[in-house]
Every structure is written in structure tokens, then in C-alpha cells.
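Engineer: Whole structure, please, built from the sequences with the hints as guidance.
One letter stands for each residue in the lines below.
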Amino acid sequence: GAGVSQTPSNKVTEKGKYVELRCDPISGHTALYWYRQSLGQGPEFLIYFQGTGAADDSGLPNDRFFAVRPEGSVSTLKIQRTERGDSAVYLCASSAGQGYGYTFGSGTRLTVV
Amino acid sequence: EDQVTQSPEALRLQEGESSSLNCSYTVSGLRGLFWYRQDPGKGPEFLFTLYSAGEEKEKERLKATLTKKESFLHITAPKPEDSATYLCAVRNGNQGGKLIFGQGTELSVKP
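Heads up: the sequence lines are chains A and B, in that order. If you read the first sequence in my numbering, its first letter stands for residue 1, the second for the next number, and so on. If you read the second sequence in my numbering, its first letter stands for residue 1001, the second for the next number, and so on.
FYI, nobody ran anything at the bench for these hints, they're computed from the structure. This list has only true hints and no planted wrong ones.
Each computed BS3-like pair below joins lysine-lysine, with the alpha-carbon atoms no more than 25 angstroms apart:
| # | chain 1 | residue 1 | chain 2 | residue 2 |
| --- | --- | --- | --- | --- |
| 1 | B | LYS1079 | B | LYS1063 |
| 2 | B | LYS1079 | B | LYS1057 |
| 3 | B | LYS1042 | A | LYS11 |
| 4 | A | LYS78 | B | LYS1042 |
| 5 | B | LYS1059 | B | LYS1069 |
| 6 | B | LYS1057 | B | LYS1068 |
Distance ranges between label pairs, derived from CB positions:
| # | chain 1 | residue 1 | chain 2 | residue 2 | range |
| --- | --- | --- | --- | --- | --- |
| 7 | A | GLY101 | B | HIS1074 | 19 to 27 angstroms |
| 8 | B | GLU1045 | A | THR7 | 15 to 23 angstroms |
| 9 | A | TYR18 | B | LYS1042 | 25 to 33 angstroms |
| 10 | A | TYR18 | B | TYR1051 | 37 to 45 angstroms |
| 11 | A | GLN41 | B | SER1019 | 20 to 28 angstroms |
| 12 | B | ASP1039 | A | THR76 | 21 to 29 angstroms |
| 13 | A | PRO61 | B | PHE1046 | 23 to 31 angstroms |
| 14 | A | SER58 | B | ARG1012 | 31 to 39 angstroms |
| 15 | B | LYS1068 | A | ASP63 | 37 to 45 angstroms |
| 16 | B | SER1024 | A | GLY40 | 17 to 25 angstroms |
| 17 | A | TYR100 | B | THR1005 | 21 to 29 angstroms |
Glycine residues also receive a C-beta, built at the ideal position from the N, C-alpha and C atoms.
Structural biologist: This is the structure:
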């Protein structure tokens, strides 16, 4: 596609439930990033994929968070046992490689009630 | 520890009133300072990348400059459509493509 696509755009879930957030990057972009943005704050790094492998997952807050990119294209961010503090906008970005600029998607707004 | 601080947190301007946004940073081995624009409900939109002190880049009413400790985003004769949150981010030499963002400056331009 022409841009980075994230689905769903909004997700409301109950505390304790499992959620999956999807990111479809720009075709041919090898690098894919997940960030989390709370209200009034800048994006906070979660994980970075180069191809199929997670090159840097140092930003994942705990083991409830996990992300995959099995074929080097679409990525899924998975959150287990959601907590109210997980409520935020989850942003995905892709780039042609480490030295190139990012293109962000519009994000998934996750609300845990 | 790498850190980015933006000021002011919010800025209100009248149309045509020029001003500057500040981004102060500490980073080990800067490999790029980035400016993004973010509209409500949207992801950040890339504006500029600066790599070395003294570098400047321009786009329409925006001009970004870089020193060894900070970057400025100058807005000349702003228009209401320039209203957005402006984000600054840095990439260091040791952490791949990861960006460290500041908290942003929310700019409002009134007609």
C-alpha cells in the first residue's frame, strides 16, 4: 500500500483480556518499529524488527507484551492480561532500512476498561 | 542516558507572528536529529533530519537548525494550518534505528 496501515484504529477491551494489534508496513520496507504514545507525551520505543527478527526489544515493558513479524512484512503486537495502564495509542512505523527515515501509521487507540 | 527535552510545552501565536521551538538533547554519538509534525488522531509526519552541527533545512515556513546541544524549529509568518504538535527525536550510534522522542510542543496559530 501507499502508507503504513494499522488495524483496528480503536480497540476497547476489558482488563485481563488479550489483544492483538496489526501493522501492515509499506511494501518493501525491511525495518518495522512499534511505539507507544500516552496523552501529551512523545512516542516511546517498544520494539524494532529488521526483516523477520526482533533486532531490539528493549522497550517492551514486561513479558505481557510480545510482537511477531513471521514473514518480514505484517507485524502483530500482542498484549496479554491487559491492564488499565496499557491504555495508549500504539504506533507502527516502517522504513527502508536502519539509516532511512520512518513513515508512521495513524495508530491504534487501545482503551482498557 | 539519551534524553530529549522540548520547550515550550505549548505555544499560542497569532497568524503571521514568527517564533521558534526548542529541542535540547543529550545523546551518545548522534546519528540524526528528526523533526516530526503530528496532527490530532494521526501518526507523526516526517519533516526534517539533521546530522551535524551547523546544518539547516527549510520547508515552506519551517526552518530547522542544529547545534551540538540543541535544535530549533523556526516558524516564519505561521498560518492556522501550521497548528499541530511538533516532535523532536534523536537516534544514537549504538541502538540501530530506534528514535528517542521529546514530549512535543503543541502549537496553536490563531487567525
